[in-house]
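Residue numbers (numbering that gives the first Met the number 0), protein chains in the order written: chain A, 0 to 316; chain B, 0 to 293.
Hints should not be assumed to be uniformly reliable.
As the list claims (entries may be wrong) - Straight line, CA to CA, 25 Å or less: simulated SDA-like cross-link-like pairs of lysine to any residue:
1. Lys92(B) - Ile306(A)
2. Lys92(B) - Glu186(A)
3. Lys204(A) - Ala183(A)
4. Lys92(B) - Leu160(B)
5. Lys281(B) - Arg182(A)
6. Lys281(B) - Ile223(B)
7. Lys281(B) - Asn189(A)
8. Lys92(B) - Arg182(A)
9. Lys204(A) - Glu188(A)
10. Lys92(B) - Ser190(A)
11. Lys92(B) - Pro294(A)
Said to hold, decoys possible - Stretch by stretch, here's where chain B covers chain A in the computed footprint (C-beta under 8 Å, at least three residues):
12. 96-105
13. 232-239
As the list claims (entries may be wrong) - Here are some chain A residues the structure puts well away from chain B; computed CB gaps all over 12 Å:
14. Gly14
15. Leu83
16. Ile146
17. Phe149
18. Asn189
19. Gly195
Calculated directly from the structure, the hints in this document are not laboratory data.
In this text, a Cβ means the ideal position worked out from N, Cα and C, and glycines have one as well.
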Amino acid sequence: MIGNLFGLLLLLGAGLAYPWLLPGALTVGITILLFAGWATAWDILGGWAGQVSLGHASFVGIGAYFVAIGAMDYDLAPWWSVLLAVAAAMLLALFWGGLTFRLHGPYFTLSTIAIAEILRLIAINENWLTGGATGVFIATLPMPFGIDLFDRLTQFYLALAFALGVIGCVVALSRSRFGYQLRAVREDENSAMAAGIDPTRVKLKAFMLSSGLTAIGGGIYGMMLSFLEPHILFFLLLSVQIALTAIIGGRGTVWGPLVGAVLLVGAGEVFRTTFAEANLLIYGVLILLVILFLPSGIVGEVNRRLIRRRYARSAQG
Amino acid sequence: MAELISLLQNLSNGLLIGGVYAMIGVGLTLIFGVMRTINFAHGDFVVLGMYTAFLFNMQLGWDPYFSLPVAMAAGFLLGLLIERVVLAPIVDKPHETSLLATLGISLIIGNTLLLTFGGESKSVHVSYASLTVPLGAVRISVILLLAGLVTIIVIGALYFLLHRTEFGRSIRATAENRLGAELVGINTRRVQGVVFGLGTALAMTAGVALIPLLFATPTQTGAILTLKAFVVIVLGGLGRIGAAVAGGLLLGMVEVLGAAYVSSAYRDAYGLLVFLVILLFKPEGLFGRTVKRV
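For reference, chain A alone in the conformation it holds in the complex (with noise of 0.2 Å):
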């Protein structure tokens, strides 16, 4: 607990300190906090209760969605659509889970591909609704306290609160009541239930909180896109990257997400030249590598050494 709260204050000093020793790379920073934040929010549901979502990209484009339009149709402040945004997710997580809940394992993920790719398809299709295929953009924005929405130091501000706020969420999770049965459901349902737990409300809870998180990235990404098109929010592959993030990262720990977002898109950046824009290439190496030789991921296996290099100790007297 005071390791993750100097974590907490780490990441903080890291991310005050980085856009005066980077001012030209605050879009990278922006990402990497986002990732940060969306792939902790996705390990809330696919770690921590062990559901595994390659559909998390929804509640990305209804967080940015929510802003484009609440800000160009509406005249809505961005933090009043975001928070719409947030009940709009979190209503769809509970319909969405309560559907698909009854699937198991690999069954659960790949309703969660139909459900995601089926609602690309409306949101593209539906003009009225999105403004269609062509895409919305964003022209004006409020300035409160004489802060401009659009600059990237203030996006980048908002976006560390994000990262800063979602994994704060976890930390408090891991010790409490609720992160316990989300791992007892994890590891056996029936045993989860034999204790007391019922599956189905701890993994609604669990998606609901996910989905919410991730729609206020989502609104942020949005005000940092300006210009928004379904093809890319809804997206099958940002799905994919959100969820291998925080896989390779370490599923089910506090920090590997993060972790995970810093080496992603670190990465994709130093190759940026090299790959162009085939930068997933290296989530499917890194996922491939994981899977072999690192099954719990880069702060997982790193958690597992320490814990049985400590046990190893405790037992030698």
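Starting from the structure of chain A, add chain B where the hints point.
Okay, now just chain B, sitting in the frame of chain A:
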């Protein structure tokens, strides 16, 4: 009368496209039935077949059907290699592990194609592309007919292999009960390698048959086809070949009829909707018994 003819026209198109979906689905269901692997790279193998035909057409001017033997052999070897290196070590892990591993393979294939051939979509133009055969008032396109023919031959050959040869018997035994098969002396590791090779070869064959019809883009076509293949095999009932054929034909019809009579913008959504409904309410498939066999 005109409506009847257009209905018949749509039905015949749906049936023939469904035949190709069936060929894709059969490979996937074979792999699932024997190895219990959710193969997420299946659509990318189809795309790889498309690019094989494209490459030979561009370099040597071959008709896509000439490159069929090359694509089948390459697919078999590639599948064998992937099974040995990636899938064999994780065969006893939870299902999710193989799903994630094949997802990684899918990303590697798609992005390697993107790096090699660039992002623009590719197709092969054949001289007989616009030819049709009249069947009463209905006109059937020659390339669809050829694709359907390939499907029938390939699935027939597969049926022969599975039900009329000793090796086919060992494949079916492994699918039914891996431990039991090992106990009677079947080398199940070899069976699994060959099955993954066969599945990959089937996918690449389907790709070659599809290239005169469809455009191939490196990273997107694969994902779409993987989804379709899953729709096909869940529709019929996982792990059974006859069911995958029925599922493929059904998906082809649902898509064509949905596009013609409801809305063509949602063409890809109809299959997914049916897929969800079946997963949720009849997970053993439309024609399913709960026992899964090849």
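Right, here's what the structure says about each hint:
1. Note on lysine 92(B) and isoleucine 306(A): the hinted pairing holds, with a Cα-Cα distance of about 23 Å set against a maximum of 25 Å.
2. Restraint check for lysine 92(B) and glutamate 186(A): the C-alpha separation of about 14 Å stays at or below 25 Å, so the hint holds.
3. Proposed proximity of lysine 204(A) and alanine 183(A) is supported: the alpha carbons are some 14 Å apart, at most 25 Å.
4. Note on lysine 92(B) and leucine 160(B): the hinted pairing is violated, with a Cα-Cα distance of about 29 Å set against a maximum of 25 Å.
5. Our distance criterion of 25 Å between C-alpha atoms is broken by lysine 281(B) and arginine 182(A), whose separation comes to about 29 Å.
6. Between the alpha carbons of lysine 281(B) and isoleucine 223(B) the distance comes to roughly 23 Å, so the proposed pair stays at or under 25 Å and holds.
7. Our distance criterion of 25 Å between C-alpha atoms is met by lysine 281(B) and asparagine 189(A), whose separation comes to about 23 Å.
8. Taken as a hint, the lysine 92(B) and arginine 182(A) pair is honoured in the structure, with Cα atoms around 19 Å apart against an allowance of 25 Å.
9. A threshold of 25 Å between alpha carbons decides the hint, and for lysine 204(A) with glutamate 188(A) the separation of about 15 Å falls inside it, so the pair holds.
10. A hinted pair counts as satisfied when its Cα atoms are at most 25 Å apart, and lysine 92(B) with serine 190(A) qualifies at roughly 20 Å.
11. Using a Cα cut-off of 25 Å, the hinted pair lysine 92(B) and proline 294(A) holds, with the two alpha carbons roughly 10 Å apart.
12. Against chain B, the stretch 96-105 of chain A contributes 6 residues with a C-beta closer than 8 Å to a partner C-beta. That satisfies the three-residue criterion, and the hint holds.
13. With a threshold of 8 Å between beta carbons, the proposed coverage of the stretch 232-239 of chain A by chain B holds, since 3 of its residues qualify and at least three are required.
14. Against chain B, the non-interface label of glycine 14(A) holds: every CB pair exceeds 12 Å, the least being about 30 Å.
15. With a least beta-carbon separation of about 26 Å from chain B, leucine 83(A) lies farther than 12 Å from that chain, consistent with its non-interface assignment.
16. Listed as outside the interface, isoleucine 146(A) is consistent with that label: its C-beta sits roughly 38 Å from the nearest C-beta of chain B, beyond the 12 Å cut-off.
17. Distance check on phenylalanine 149(A): its Cβ is at least 30 Å (rounded) from any Cβ of chain B, clearing the 12 Å threshold; non-interface status holds.
18. Residue placement check: asparagine 189(A) keeps its beta carbon more than 12 Å from all beta carbons of chain B (closest about 16 Å).
19. The beta carbon of glycine 195(A) sits about 25 Å from the closest Cβ of chain B, which is more than 12 Å, so the claim that it is off the interface holds.
Violated hints, in rising order: 4, 5; the structure is consistent with all others.
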